[in-house]
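Student: Using the sequences and the accompanying hints, generate a full structural model.
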Amino acid sequence: MSDSSRDQGIKGSRDQGESRLPDAAARTFAIDPRNNVVLEASAGTGKTTVLVGRYLNLLRAGIDPKHILAITFTRKAAAEMRERIVDELRRAAYTGAPADRTRWTMLRDRLADIGISTIDAFCFSLLREFPLEAGLDPGFTLADETEVARLIEEALDHALRVCQLRARADESVALVFAHLSLNRLRRGLAHLLQRREVAQQALDGYLRASSGDLTSEQAAADLVAELQHIFAPRPSPLASDPSPLTPDPLDQWLRDGPLAAPRFALLAASLRRLIQGQLGRPPEVRALADDLGAYFLTRDGARRQRPPYPARDHETAAAYQRHRAQHTELAPHVIRAIDRFDRALNIILARGIRRIFGVALDQYRRTLQAHGALDFSEVLAHAVGLLRQMDEFSQSRYRLESRYHHVLVDEFQDTSRLQWQLISLLVQSWGEGFGLVHDAPLLPSLFLVGDRKQSIYRFRDAEVGLLDEAAREIAGLRPGTRDVRRSIAYSFRSRPELLAFTNDLFAAMDEGGSDLDRFRYRPEDHFPFERSESKGRILTPDSEPAVGLAVAETAEACAAAVAAEIARLLGQAEVRDRQTKMRRPARAGDVAILFRSRESHREFEAALDARGIPAYVYKGLGFYDTDEIKDLIALIRYLAAPESSLRAAALLRSRFVRVSDRALRMLAPRLASTLTDPEPPPVIAHLDQEDQRVFMQVRQSVPRWLAQVDHVPQAELLDQIVSETAYAFEWQGPRRAQARENVKKLRGLIRRIENRGYATLARIADHLDRLSAGDESNAMVDAENAVNLMTVHAAKGLEFPIVFVVNLARGTGGMPEPVRLVLDRGDGASAVAVGAGDRAVEELEQRRNREETKRLLYVAVTRARDRLYLATLLRDRTFKPGRGSLGEVIPSDFQRVIAEAQAYTPQGGRTTWVGKSGAHALYVCRAENVVIETTAASAVAAMDRSLPAGLAPLDVGSTVTRLNVIEVARGRAEKIREAPSVAVTGSEADSSDVLVGRLVHRLLRFGVSPAEDATVLAERARSLIEPDERLSTSDTDELVEVAVDLASAIGKRDEVVGALAAGDVYSEVPFAVRARVDNATWSTDTELLAGSPNPNGWIVRGTIDCLVVGADEVSVIEFKTGRSRATDQRQLELYVRAAEAMFPNHQVRGLLVYP
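For the sequence shown, position 1135 (counting from the first letter as 1) is numbered 1134 according to numbering that gives the first Met the number 0, and the numbering increases by one without interruption.
Rather than coming from a laboratory, the hints here were simulated on the basis of the structure.
Cβ atoms here follow ideal geometry from the backbone N, Cα and C, with glycine treated the same way.
Among these hints, one or two may not hold up.
Said to hold, decoys possible - Result set (EDC-like, lysine to aspartate or glutamate): computed pairs, CA atoms no more than 16 Å apart in a straight line:
1. K744 to D624
2. K879 to E899
3. K744 to E144
4. K629 to E552
5. K879 to E552
6. K1119 to D1044
7. K743 to D718
8. K915 to D892
9. K1119 to E1067
10. K65 to D108
11. K629 to D524
12. K75 to E552
13. K1119 to E1054
14. K744 to E723
15. K915 to D524
16. K743 to E729
17. K879 to D892
18. K580 to E798
19. K75 to D119
20. K1119 to E1132
21. K743 to E715
22. K744 to D626
23. K743 to D626
24. K915 to D608
25. K629 to D765
26. K65 to D112
27. K744 to E715
28. K629 to D509
29. K1119 to D1104
Unchecked claim - Here are the simulated distance ranges between beta carbons:
30. D826 to R365: 16 to 24 Å
31. P1143 to D676: 41 to 49 Å
32. D299 to D63: 55 to 63 Å
33. Q199 to S659: 27 to 35 Å
34. T297 to D676: 46 to 54 Å
35. A286 to L1151: 34 to 42 Å
36. R586 to R735: 16 to 24 Å
37. R365 to H792: 50 to 58 Å
38. R654 to Q199: 45 to 53 Å
Tutor: As structure tokens, then:
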């Protein structure tokens, strides 16, 4: 084909009807296959259209499709791109020029040559073609995710046994086992195995730059010397002494400290031993460093502004002030010493981790080889290794070079460094100036498209900085080539109002992080749009705002507000159809609810269910966390070990049986035997009628089920029990289709396990336990006409007419990884943190996570076509985003608008945020009435008691002061009379004490039997800790241990056991009463209220720990986990007053219980 004919075949943007777009020149350049291109395409700008256009232009230029390699991020995207290419070829054959018809005739029987694949699929096909060159058995298979989890566990079992033996002679390995629990170490190693390429590079780079012969004795000696210098007595301050400390800092600091506090007394004793030279062993020094860190640092690693103990724990107020001043003086020196010690210890731990990881990686690869399998990471690594050594295999290199002349890569911002190395090696010969590709109709070309603003897969080792690095390398493929970078920003997706809001929101964000990972919203990133008004206001007066807010004080209320707004939109709103571009009524499938974490959608699913709106959760909470799968796993676990009372309890509480909590307490502690003993337990006579019925029925079924465990295939036994118990009845409602498909998916998984060989129910249960910690998504169902609930990651690449981005204030939960890696800190050096690790690494990770959060929010906001809603929880009428939350990166002035929306804007009203381009009207949706009906009223009705007519939601105005019971008990009401609009909460307790108290209350809610084993209680306590709460504690084991001890001491007391058995038990019962407050008392007398300076009164709010409602008597039980205080009795009296208002026909008594 001549150059002129090729030029005529290549179509530009003018042919696509895009010549008038602001970025038309960049689009024309991008689809021209004669250019190497690195294209930055903002969200909704038609990236796929550009990719398809370039591919078609390659075909028009005479390039055979077998010489074109197109790589996308997902199989779905690959299928969509291939379908669009084929559709365009077919359409052109019927409507285009004769050349188009000829081309279609030539290609329609070779459509299989149009290869669009993921990078994993490409690597797999490459190894299938060249197995011997890659050093593989030609019959290798690809291990699926479930098999990989099993193989990793198998490899780690062997590796840890080997390393435990090595620990006897290797200090660094021994230190790792001492520093991390076995479970945390397993988790850390499993994570490193999944990131093995990055893990090896980061660990090796970090250790090369560190002191290679450092020992724990040396690190401990250095810390001892530095602390002795800080705390040692000095005759007088000398000008030559660089330390500004007082002559005898330790003695004064200790004398003024809270010596009555046990932990401080231990710290004081250790410091005195330090000064006397009696403390030097590494474990002792490590313990001292931990104690000092707890005293001078918060749980988040920040410097404490004041000592952790309140003034009342010191001898006098003056002593507290002196101690606080000395604390401020000592803090920077002590923290600096601890940081140096932690860094030294971290080097030794990293050395041990590298050695253990080396053993684990070698064993894992041996395990894979023994099974003749590869996982995805090994497939990629072998493919890269194959291309690196192609010079040794001339025939293979010839076959590869003759095949791929043009490479197109989609979603490049989510590419890892190893994936980029693969692409770079594939085109390396192009820059060397030889090879068959230079004899082709066109010079070889490389096209990369992505968007750094949408790089959200750092946890999969994607590097946002690779886009810049790739552009420099591609520019060097052809000498003298001009800049290969182009960008497009014109959006075909969103309304102008949304584009303007997006521009202002992200332009107002602070720029942090390093050049490698910084989120930047440059002028060229702004979406161009046409204003609908000349004065800068984005919204026309007669239209509803395109952006809305949904705010509430509780998660349930926020979910109810979102569900209410969706119901309103489905009845009133119109949206633009994606295909026809015409307006039509909104449907449920047009709506998406996006959230960051997988654990945060249940309230929204329940709120939609309450309104009868169908919903589908896609990669949300997770397959193993759905109710039906929890029930089935509880059944499988019990059948595998029927002697376990804990597993018996899980079965009885599942929806297969549904016994009440009260029945469960009465049947404890020998729950397992109650199901299998020949005679039912005597306590059954005291159960209510429904509990007796279901318990006796399951007692009849269990022996029959157990008899079949070893005689019937497990999947068939599961089918039989599901049928016999009519379990399908539990699937009623909008989730029925999803639940049914999830049950089928679990059954299929069990079948696959059985087909691999001998599989007992115990092995299946253990395998499911391991899998349940993974990231398995729900079974796929037809969700065309259902509201889509999904994570922001799952929504990547999708768009919806109506989008709700919810839980803006919710931080990221879960414990941090035991081993954190940073391949490049920004200066080319690696960083590693093991356990608590190096605080500098933690701070770097937090900065980078913050930048990734900005990109995540950008992805979420840009999914919307017509309407965007931001939903969040408020705390005491303020917006308090948690660490790692989407709301944390929102500009401060917009955060204030969110907080004020609830206080000053009525339902359906509007508020305004002023951005750089103008004022943005925001629609405010709330659902207070719905919340009252679905939460407060139903909770009271559940007590099934006659209640006074006056017990109802309070109708109050904004001038009413809201007080916490604790404030009233402490007599602080007078201090806040001048601020009636401020909500006051009263808790000065340390956050760890509060968390211990919550956990104790939850344990007591389930009852603590005198004979109950502490191990069972500890396991139950761990299951009761909320994900958000795990972030606020650095030592879950200690938290559980303290809570179990306190709960056992309280729950086994005779007066508590007797009180709990006297009626129906309700835990954490909230109340609110209108009253006139006078110091530590209140009055609900109407006449007194009328004569009050505040005639609307005060709203006193609180939560009763435990309310036991009997036939004639109500007991208010207040559990205290700390020391006795003078205000405790007054607080109990106030709770009794509240209970008397709720139950006027009952005698109410109070019980104050201490450990």
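Student: Do the alpha carbons of K1119 and E1054 lie within 16 Å of each other, as the hint requires?
Tutor: holds (15 Å)
Student: Is the straight-line distance between the alpha-carbon of K580 and that of E798 16 Å or less?
Tutor: Between K580 and E798 the Cα gap is close to 14 Å, so the pair holds against 16 Å.
Student: I want to verify a distance hint. Is the separation of the beta carbons of T297 and D676 within 46 to 54 Å?
Tutor: holds (52 Å)
Student: Please work out if K1119 and E1132 have their alpha carbons no farther apart than 16 Å.
Tutor: holds (14 Å)
Student: Do P1143 and D676 keep their Cβ atoms within the hinted range of 41 to 49 Å?
Tutor: holds (45 Å)
Student: Kindly confirm whether 45 to 53 Å is satisfied by the beta carbon distance between R654 and Q199.
Tutor: Taking Cβ atoms as reference, R654 and Q199 lie about 47 Å apart, which means the hint holds.
Student: Would you mind confirming whether the straight-line C-alpha gap from K744 to E715 stays at or under 16 Å?
Tutor: OK: K744 and E715 at ~14 Å, within 16 Å.
Student: Given the hint that K629 pairs with D765, test it: the Cα-Cα distance must not exceed 16 Å.
Tutor: holds (14 Å)
Student: Are the Cα positions of K1119 and D1044 separated by 16 Å at most?
Tutor: It holds: about 13 Å lies between the C-alpha atoms, which stays within 16 Å.
Student: Quick one: are D299 and D63 within 55 to 63 Å, going by C-beta?
Tutor: For D63 against D299, whose Cβ atoms are near 59 Å apart, the range 55 to 63 Å holds.
Student: For the pair supplied as a hint, K915 and D892, confirm whether the alpha-carbon distance does not exceed 16 Å.
Tutor: holds (12 Å)
Student: Is it true that the CA of K65 sits at most 16 Å from the CA of D112?
Tutor: Roughly 5 Å between the alpha carbons, so the hint for K65 and D112 holds.
This entry does not satisfy hints 4, 11, 12, 14, 24, 28, 30, 33 and 37, going by the numbered hints stated previously.
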